[in-house]
Structures are given as C-alpha cells and as structure tokens.
Amino acid sequence: MNGVDPGYYLVLAALMFTIGVVGVLVRRNAIVIFMFVELMLNAVNLVFVTFARMHGEVAGQVLVFFVLVVAAAEVVVGLAIILLIARRRGTANVDEANLLRW
Amino acid sequence: MTHEPTFGDLAPFVIAAPLAVSVLLLFFGKRIGRLAGPLASAAIGLSFAMGCVMFFGLLGEEAHGEGHNAREQIVHLFDWIRTGSLNVGADLLVDQLSVIMVLVVSGVGTLIHVYSIGYMHDDPRYPRFFAYLNLFAASMLLLVLADNLVLMFVGWVGVGLCSYLLIGFWFEKRSAAAAANKAFIVNRIGDFSFLLGGFLLFSVTGAFTFGAINHGAGEMSAGIATIAALLLFGGAAGKSAQIPLYVWLPDAMEGPTPVSALIHAATMVTAGVYMVARLSPVFAAGDALVVVGWIGALTALWAAVMAAAEYDIKRVLAYSTISQLGYMFLAHGVGAYSAGVFHLVTHAFFKALMFLGAGAVMHALGGETDMRKMGGLRKRMPIVGLTFLAGWLAISGIVPFAGFFSKDAILASAWAEEQYVLWAIGLGTALLTAFYMSRLYFRVFEGKDRVPEGAHPHDAPPTMAAALVPLAVLSLLGGAINLPGQLTLEHFLEPVVGASHVPEGLTAYLLAGIALLGSVVGIATARVLYLSRAGSLVRRKLEARLGPLVTAARNKFYVDEIYDRTVVWPGKGIALLSANVVDRRVFDGIVNGTGGTVARFSEGLRRLQTGYVRNYAVLFLLGVVAVFTVLVLRAVGA
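These protein sequence lines map, in sequence, to chains A and B. The first sequence begins at 3 in the numbering used here and counts up by one. The second sequence begins at 321 in the numbering used here and counts up by one.
These are computed hints drawn from the structure, not numbers from a lab.
Footprint (simulated), chain B over chain A, 3 or more residues, beta carbon under 8 Å: (1) 21-33; (2) 92-103.
Residues of chain B clear of chain A, computed beta-carbon distances all greater than 12 Å: (3) 324; (4) 348; (5) 352; (6) 362; (7) 407; (8) 491; (9) 492; (10) 496; (11) 698; (12) 776; (13) 867; (14) 869; (15) 887; (16) 903; (17) 908; (18) 915.
Derived Cβ-Cβ restraints for the label pairs, each shown as a range: (19) 906(B) - 89(A): 54 to 62 Å; (20) 946(B) - 67(A): 27 to 35 Å; (21) 907(B) - 31(A): 52 to 60 Å; (22) 915(B) - 68(A): 41 to 49 Å.
Note that the structure is predicted; figures quoted are calculated from it, not measured. Note that CB positions come from ideal geometry on N, CA and C, so glycine has one too.
Can you build the whole structure from these sequences, using the hints too?
As structure tokens, then:
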C-alpha cells in the first residue's frame, strides 16, 4: 500500500471527533453546537472511508453516503427548529431554552 | 295443539290488570291526576271480577282425570330460566287455595282502593300512592298464583318492596323513613331464610314447582324436611311478623292507614300463612310443625299482651294483627291448614274493616291516634261506629260474627289433635283479644264525649263508607263459608291441603261454648274497667298490683332495645370497624402506600430532567463511553 499511513487518518478522525464533543459541551449557541455535531459526523465518515480503504471493502464508503443523507435531513429539521426558537425568543442560546424539565 | 279456552287462562290477566295501571300511573301519574284513584280501583276490581270467574269455573269443573287434585290448572306463560338441569317456567297455578287467596286479595283490595280515593284525597302524591298500591296488588297476586318457589319469590320480594315504599310514603317524616327501613331489613332476614329453604328443597327434589316439591316431600328424610321447612318458616316469620321477626309490623303503622289495612293486616302479612299451607306436605314430612304451632301460639299471646297495654289506636290493631297471624300459624301447627286459611279470610275482612275505621277516626280527628284523647265517637260518626262494632264483635269471637267460627275452628282443631297446651294458650289469647279490642272500642266509641282540641269530627265520606259497609257485612256473614257441620271451605280446600281432624257432637259445642265464654269474660272485664264509674279506680289499683308487667308491656317488653344491643349495635360496630380500620387503614393504606413510594422515588429521579441540553449531552457521552468500554473490554478479554 502506498501513500499516507492510514493510522494518521484515524488519529485525525479521533481529533476531529474530540473537538466536536468538547465543542458541543462547551458552546452555547445552537448554531455553533450544530456545526460541532457536523464535525463529529464527518470524523466518523473519515473513519469509515479509512477502514474501507484499509480492508478494500466498499461497504464503508456506501455507509458514508447514508450518513451524508441523514445529516442533510437532520440539518433541515434542526435548523428549522433553531430558527423558530430564535424568532420566538430572540436568541439561539440553548441554556435559555430549558422549559422542558421537572 | 288446539286449546280450549278455560278459566285458568284468566290468571295472567288477573296480575296484568293492576300491573299495567301501576306502570301507567308511575310514568304518567301527574297527567292522570285525579283519575288515578278510580283507574287503579277499576284495575283491581277487574282482577276481582276475573277471580270470581275463576272461582266459579273451579267450582263447576268436573273432577276429571287422575291425580290428587284433578281440578287444578297450570298456566304456562313462557320458559323463564332454562339452563342445564334447571328449568323454571313462568307458570301460574290455579287451584282452590290460590283462587281463595286471589278473591281475598283482590276483593278486600278493591274496597281499600275505593276507600283510599277519599282518604288520600288531599295528598300531593295522590297518583303515586295508587301506583304503589296497584303494584302491590300485582305482586301479591303473583305471589299467590305462582306455581314455583322462584316465581313466588318474585312476588314475595315485590310485596316487600311495595310495603317499604308505602310505609315510607310520607318519607319527609323521619320516623316513617326509619320504619320503612326497619320493615325492609327485617323482611330481608326472613327472605334470606326463605331462599335457603328453597335451595335446600331444590337440591333434594331437583325442582322448584310446588307439585314436584310436595310430591317429593314424602321421600325426603325427616331431618332434611325439618330443616327445609324451618328455613321456609323463617321467611314466613319475617313476612307474617312472627316471633322473633315481628318487630317491624308495629312500626309499619307509620304508613297511610289504607296501607296498614291492605298490606299490614289483610294481605301481605298473610303471605307466610299461605306459603306454609301451600307447602304443607314439606312441613308435615318432618317435625317442623311443632315449631310452627308453638311460635304461632306464643306470638299470639305475646302480641295480645302488648296490645292490651298500647294507647295508639293503630298500634293496638298492629299487635292484634300479629296476634291473629300467630293464631293462623297455630292452626297450621296442628295440621288444620284449612282452619288457618279460614281465619286468614275472616281476619282479612274484620281487620281491614277496623283499620279503615281507625283511619276514618284519624281522618276525622286531624290525625290523632292516641286513644286517651277520644271517646263517645259513635254518636258523632255513626257509620264508622257501627261498622267498627261489627269488626270488634267479629274479632272478639261473638256468635254469629265471622271471627267466632274461624277462631273456634282453630281451637277445636287444636283440641282434636290433643294439643291441649296450645289450645289453652289459644283460649287465653282469645280472652285477651276480646279484652283489648273492647278496650279500644269502649275508649274510642263509647263513654264520655271526648275529642282532641281543634278537631271537628265528621262521619266517613261516601268513598270511605263504601268500603266500610261491605266489609262490615262480610265480618258479620263471613263465617258462613265454613260453618261447623257444613265445612264448605274445608271440603273445598281438601284436595290442596288435606283434611284435618275436627271434633264432633257434644265436644264441638262444648269447645265453642268455652271459647264464647272466654270472649264474653274479656268483653265484660273491659266494660267494667273502661265504662263503669269505678273503672278508673280499679284500673289504677290493677296497674299498681301488676306494675312491672304493665310497664314492660307498655315498653314492648324492651324487645326493640334488646335487638338494638344484640344485633344492631354489633352490626354497626362491624361496619364501623370495616370502614374505619379495615378499609381506611389497611386497604387504603396499601393503595396509598404504593402510590406514595413511587411518588417519593420519582421525586428524586425527576431532578435529572434539568432542561439543559448540555447536561443531556454529557450523560449521553458518558453512556457511549461506558458502552464502548464494555465492548472493548469484552473484545480484549476474548
């Protein structure tokens, strides 16, 4: 096998994923949180592609397309919700949208 | 199958006529208004007419075919309960006994309906009264015409219900509502016993019809027969107010007086007497008759003593009714069923008459019932006075009034069966009866003119007189249906209840003479005590001498109090215990405890729902890490 060692790709994916997790946990703006979620998804996609390449399997690449489609659908719904919350409350701060609790 | 129409086909309509009018009045009573009384009277009058047709049909019927009673007819209406081996039909039995009962119930019932038109004239619930009265008549007719115990029980409970409704007719009065409850509950005790007896008979004979039960009675073991008969008699004791269940009848006087006359003197209370006669083979198969006779005799004496001490005119009559019902059971107890039924018939005449007379007196005196406030009323209300005179002489047993013959028939039968103790009790009761009825009559209708203040006595209005006069005539002539020597009724009933021993020749006259003498002594005593000038002095002396007895009798021998302490209080205690401890603490405790525990647990758990997305995300992450850790460890381990 030539080119870059697949291990690097995996490390990069892990880094991306960790950045995504931390971002989701520490940021308050819903849009930004959303972007970090996308980052996590793409980290996973990268892992899929890497493994597909490592094992010569096409299934991993196919799965990536599924993830992309689902992510696109998720963005549509998620952005709509965020937009409505922002319109109603004048802010996209998730800490202020805490009505649904005990 | 072609069917020749016979008199038996009328039986369903005898019941249907008052039932239909009753339903009509219950739903459209307000609109029918004043017409309710005449309409209801017409319905029961129609029943009486049909009863007469059946009676004469039965008389004219040639004895045909085989069997113990070739004249009886069974009318099958429809299959009622049909499941497995149980087959109960809605069948009516038309025979000598049931026809006699139909005639009494509908005949006396008609007169009392007519009387009620006048008596209840000003009552705001006038139509409802007649609806209940007609419903009662229908239930009672069903009771006497039923061919099996189950259908009889329908009528049995139906009359109990109507009794409850009518005793409590003026339910605004607390005492009336309480009396209605008491009557109903005491009757339910009897009904329970009746049911058990019926079930026992069914388990032994496999049938509910009277024919089959009476036929099977011969093959029953004496023990079973005795138990079954005693259980049935328990029901009879409830309905017919015998010891120990008689306590409801005096209180039942809270109802309107026509009700007392119809239900609590002439008809419903005789249901037990009728039932014992109907099932006489079962009673004869064991030793139950001894109990029946003794309970009857003791009740007769016991109630007569209380009647002699009572001042309320209606309550005197109530105790008198209990006493006379005891007489009927005494007759049954010595096997003289036809004598018992004979007394049932004559008693229906003269007791209904006296109740209606008492009602007319109350009507005239503005509802007064205390005899001490009355006197000399015969001159002010001659029709009531004269008719009451007939009733008084009849119940006292004076020749030739009806009561003389029926009472004599019972006493003679007791003698003929060599039950001398029962005979002596009966004779003593007869003497007491003559005494307390004379006391009532003298106090109310004779002696010094006395009316409660503000009352304007008037004689009975036409509708009331229309009922009083026929009943007075019947009280005078009713004995003719079973004259000694002729024994018309006895022979008529013989196919149903069997023959009884009657003394003949000199003994018969001697016994009748002794009974008559007893009555005369009773009346004479009352006359001395209540009409002579020295009477009140003698009375005071007597009361002083008999002090405790008089006080006890006046307090109904404290039976109500004893029942209160022994039955009602423990019952209430158990109810309170169940309600406050068992239900409120134990069961509510379990239910509320379960709920409370879950609630407390979730109280803590729900704090997890903070509403902050971040918190959820952290937990989500932790979960993923945990699952991932487990998976990795397992992979490494493998």
